[in-house]
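Peer 1: The primary structure of each chain is shown beneath.
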Amino acid sequence: MSALTKDRWRNRKAGDSLAGYLFMAPTILIAGVFLILPIAYAIALAFQKVQLLGDVSYQFTGLKNFVRIAQDDRVWIALKNTASYVAIVVPIQTMLALTLALILNSQIKGRSWFRVAFFLPTVTSSAVLTLIFMWIYNSNGLLNGVLSFLHLPTYNWLGDPNVALKGIMIMNIWSTAPLFMVIYLAALQDIPETLYEAATLDGASRWEKFLHITIPFLKPVTFFVIVMGIIGTFQLFDQSYIFSAGSGGPNDSTLTIVLLIYQYAFKNLDMGYALALTLMLAAILMTSTIIQRTLFKEERLD
Amino acid sequence: MKSLRWSTSLLYIVLIAYTVITLLPFAWALSASFKSLAEISAGGLSLLPKQLTLANYQTIFVQEPLFGRWLMNSAIAAISVTLLNLLFNSMAGYALARIQFPGNQLWFFLILAVLMVPGQITLLPKFLILKSLGWLNTYQGLIVPSAVNATFIFMMRQFFVNFPKELEEAAALDGLGRFGTFFQIVLPLAKPALAAQTIFVFMGSWNEFLMPLVILSDPEMFTLPLGLNAFKGQYISYWNYIMAASMIFTLPALAVYAFFNRYFIQGVAFTGGKG
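Residue numbers (my numbering), protein chains in the order written: chain A, 1 to 302; chain B, 1 to 275.
Rather than coming from a laboratory, the hints here were simulated on the basis of the structure.
Please note that a few of the clues may not be correct.
[What the hints assert, rightly or not] Each computed DSS-like pair below joins lysine-lysine, with the alpha-carbon atoms no more than 27 Å apart: (1) Lys166(A) x Lys267(A); (2) Lys165(B) x Lys64(A); (3) Lys49(A) x Lys131(B); (4) Lys131(B) x Lys267(A); (5) Lys267(A) x Lys64(A); (6) Lys80(A) x Lys64(A); (7) Lys49(A) x Lys267(A); (8) Lys80(A) x Lys209(A); (9) Lys13(A) x Lys165(B).
[Claimed, not checked] Facing chain B, according to a computed beta carbon distance under 8 Å, are these residues of chain A, among others: (10) Gln71; (11) Ile108; (12) Pro121; (13) Ser126; (14) Ala127; (15) Leu131; (16) Phe133; (17) Phe237; (18) Ala265; (19) Leu269; (20) Ser288.
From a predicted model like this one, the values you see are computed outputs, not experimental measurements.
We put the CB at the ideal spot given by N, CA and C, even for glycine.
Generate coordinates for the entire structure from the input sequences, incorporating the hints supplied.
Peer 2: Have a look at this one:
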């Protein structure tokens, strides 16, 4: 390499470093201040008592916030509500999504039309969906209207603690299943047609093809859908907040972990404790993500 | 053959039934927004109003003078967030895909790691940072923290990795620098990826509830979801008004969805399958 080209090469490299960081600058700046710094901040503050009124002040309290979590009845209620929410919503929405995707993937006319229609709830805001469902469950609403039309007894759906969370579950399944349906549809279209053709030649039935080709192929995407479902449902907030006007009622039946964090931070102004609860939620979510990644990796090695 | 036709009919029945389940709540809400309070309180199952009235739509703008303001706040936030994301995510994605700068790998890894952190985790510290910046109840507080998105940086990177290099090399021969090449050659050809991004970022920002709830306390600065929630608290049994307000709020998102629908499915498949 001559001195000249070497020089030019060095210039080009220096230019690339500069250009690279100029292109990255907005991202580094914004993600640094509003993403990476907050994570560090959250970890540091979870071990402190934070005074929010007037000048913000901090006092190191060690593990006190975490000990308090274990003794807090409302944490257990929120965990129980959220866990039952996850346990019911995730399996049902996953199966519904798969069923709809399988039907749409068969050679059926008008499938893109159906797909557009099914997607409507997914693009609508959670605030609007919650209001629409409250209006349906309302004492003058559609649900009671249908019941009285059938001469069945009507009911105060919104006021019953045993029903409130189930009402949100139904809404959530209805609005999220189409999103996962599209993910399944994309995965179904990736299965090579030749596999099915070969199986047909071997005399496999439709059911056998489904069991031995479709299901194994969909395993990774199913893991993905389930973990995304778990993460999404664990973060339930908007619907509970709007439904209960922020209280988590009736009788704490719609209290979720994120709603509890919100209440401690902004109603009780107990920021340090709220952050300790946030770390607990983060641990739950990270664990499910890591489990998914590990399972997914094994899947790919097969 | 006969059994095949039977099973196809069954599939159609399931699809149509599910379409009804999907659309009925919207139809019911839309119809309520054109009914009078008297008709709503009387119950009844008719989707068609006995007497179609636009009074609900007039009332919400007159009785709630802030409604127009909320609409404007939401539009300002969603449009700014979308434009900034398109620019910043593309720039970062391009740098990660094409420019060999020191730390390239490290930043890529960091972005993948950030992808795994859900927004709720950073909510409270973000609030504290915005508070100390004096950005609570401001547009910049609403816009700047959402101006980049790890998912779409990753998506743009994947897009640019597969982008034909020859075009850029030709541009370099023509004497265009990195920035000129990017803005004049590369970005105009990235339209499909940008369209997919537009729809997701716009909807995400338009529908966002928790973050605005935390940082906005001044009703003048509310975005529509917060306004709707406040409105609901005030007019709790006036479902005709609440539904009219909900319909106005849903319309812009539906328009964006209808316009970019083609790219939407593509984007879901990407963020879902490969994210």
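Peer 1: With reference to the structure, classify each hint as holding or not holding.
Peer 2: The hints, checked one at a time:
no. : hint                  : result
1   : Lys166(A) x Lys267(A) : holds, 26 Å
2   : Lys165(B) x Lys64(A)  : violated, 57 Å
3   : Lys49(A) x Lys131(B)  : holds, 18 Å
4   : Lys131(B) x Lys267(A) : holds, 17 Å
5   : Lys267(A) x Lys64(A)  : holds, 20 Å
6   : Lys80(A) x Lys64(A)   : holds, 23 Å
7   : Lys49(A) x Lys267(A)  : holds, 16 Å
8   : Lys80(A) x Lys209(A)  : violated, 40 Å
9   : Lys13(A) x Lys165(B)  : holds, 18 Å
10  : Gln71                 : violated, 21 Å
11  : Ile108                : holds, 6 Å
12  : Pro121                : holds, 6 Å
13  : Ser126                : holds, 6 Å
14  : Ala127                : holds, 4 Å
15  : Leu131                : holds, 5 Å
16  : Phe133                : holds, 7 Å
17  : Phe237                : holds, 5 Å
18  : Ala265                : holds, 5 Å
19  : Leu269                : violated, 12 Å
20  : Ser288                : violated, 11 Å
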